[in-house]
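K.L.:
Line by line, the protein sequences are chains A and B. According to this note's numbering, the residues represented by the first sequence are 1 to 112, in order. According to this note's numbering, the residues represented by the second sequence are 1001 to 1113, in order.
If you are wondering where the hints come from, they were derived from the structure by calculation, not from laboratory data. This structure is a prediction, so every number in the text was calculated from the model and none was measured. Heads up, a few of these hints could be off.
Stated by the list, open to error - 16 angstroms max Cα-Cα, derived EDC-like pairs, lysine to aspartate or glutamate:
hint: 1; chain 1: A; residue 1: Lys99; chain 2: B; residue 2: Glu1030
hint: 2; chain 1: A; residue 1: Lys111; chain 2: A; residue 2: Glu45
hint: 3; chain 1: B; residue 1: Lys1071; chain 2: B; residue 2: Asp1038
hint: 4; chain 1: A; residue 1: Lys57; chain 2: B; residue 2: Asp1100
hint: 5; chain 1: A; residue 1: Lys99; chain 2: B; residue 2: Glu1079
hint: 6; chain 1: A; residue 1: Lys111; chain 2: A; residue 2: Glu70
hint: 7; chain 1: B; residue 1: Lys1018; chain 2: B; residue 2: Asp1059
hint: 8; chain 1: A; residue 1: Lys42; chain 2: A; residue 2: Asp84
hint: 9; chain 1: B; residue 1: Lys1017; chain 2: B; residue 2: Glu1079
hint: 10; chain 1: A; residue 1: Lys42; chain 2: B; residue 2: Asp1038
hint: 11; chain 1: A; residue 1: Lys99; chain 2: B; residue 2: Asp1038
hint: 12; chain 1: A; residue 1: Lys58; chain 2: A; residue 2: Asp84
hint: 13; chain 1: B; residue 1: Lys1069; chain 2: B; residue 2: Asp1059
hint: 14; chain 1: B; residue 1: Lys1071; chain 2: B; residue 2: Asp1059
hint: 15; chain 1: A; residue 1: Lys59; chain 2: B; residue 2: Glu1079
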Amino acid sequence: ILNVEQSPQSLHVQEGDSTNFTCSFPSSNFYALHWYRWETAKSPEALFVMTLNGDEKKKGRISATLNTKEGYSYLYIKGSQPEDSATYLCASRGNQGGKLIFGQGTELSVKP
Amino acid sequence: EAQVTQNPRYLITVTGKKLTVTCSQNMNHEYMSWYRQDPGLGLRQIYYSMNVEVTDKGDVPEGYKVSRKEKRNFPLILESPSPNQTSLYFCASSSLRQADTQYFGPGTRLTVL
């Protein structure tokens, strides 16, 4: 994988559903993986920065895991709420601190 | 307070009239970057800088210039703006330390008529 890819592109769930999405990134020269929450017309808000293989991070109902050997990260949202509706971006940085490369994002819509 | 500031926040201009959007950070970050956000296209990188006097093209650099004369400032210059540069622009900065996040500015909404 040369780019950062996210799937699915969009997701529609009901309030209370748990959901997860995937970020795939180049595994060679891996340095760090970032997750952001982004509401339209606002600045992206940092959720997690993950650096170690097997890392798991949690913030409230949102958690993320990291597999640097195979080049993927999962973001989980437990019991989705309408206020979780946003685009979730991941970004990978390689080469001991090079350019940060963003995926296209997963747009989550949570219906009450 | 640690922050990234952008000015102006909103700008309406006409085709061909040179403009500069300023970006400043107070966190002594080495890395700074400009992005544009357009509906359905996500966040696209315009230019980035790894340190003073070091700049590189991102994915969509055409029609833009940048400079990094000081560590804290990274202005975005549109020499001859065109309507297809109407967009929402974000500046961002980060250190190059492994576990540090990237901070985004509040955004600049630019309309070119």
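K.L.:
Each hint should be assessed against the structure and marked as holding or not.
P.N.:
Going through the hints against the structure:
1. Lys99(A) / Glu1030(B): Given pair Lys99(A), Glu1030(B) holds - Cα atoms ~12 angstroms apart, limit 16 angstroms.
2. Lys111(A) / Glu45(A): Not satisfied, since the Cα-Cα distance of roughly 22 angstroms exceeds 16 angstroms.
3. Lys1071(B) / Asp1038(B): violated (28 angstroms)
4. Lys57(A) / Asp1100(B): holds (14 angstroms)
5. Lys99(A) / Glu1079(B): violated (25 angstroms)
6. Lys111(A) / Glu70(A): violated (33 angstroms)
7. Lys1018(B) / Asp1059(B): Between Lys1018(B) and Asp1059(B) the Cα gap is close to 22 angstroms, so the pair fails against 16 angstroms, i.e. violated.
8. Lys42(A) / Asp84(A): Within the cut-off at roughly 14 angstroms; holds.
9. Lys1017(B) / Glu1079(B): Roughly 7 angstroms between the alpha carbons, so the hint for Lys1017(B) and Glu1079(B) holds.
10. Lys42(A) / Asp1038(B): This hinted pair holds, its Cα atoms lying about 13 angstroms apart.
11. Lys99(A) / Asp1038(B): violated (21 angstroms)
12. Lys58(A) / Asp84(A): holds (15 angstroms)
13. Lys1069(B) / Asp1059(B): violated (22 angstroms)
14. Lys1071(B) / Asp1059(B): Violated, because 23 angstroms separates the two Cα atoms, which is more than 16 angstroms.
15. Lys59(A) / Glu1079(B): Since the Cα atoms of Lys59(A) and Glu1079(B) sit roughly 43 angstroms apart, the hinted pair is violated (cutoff 16 angstroms).
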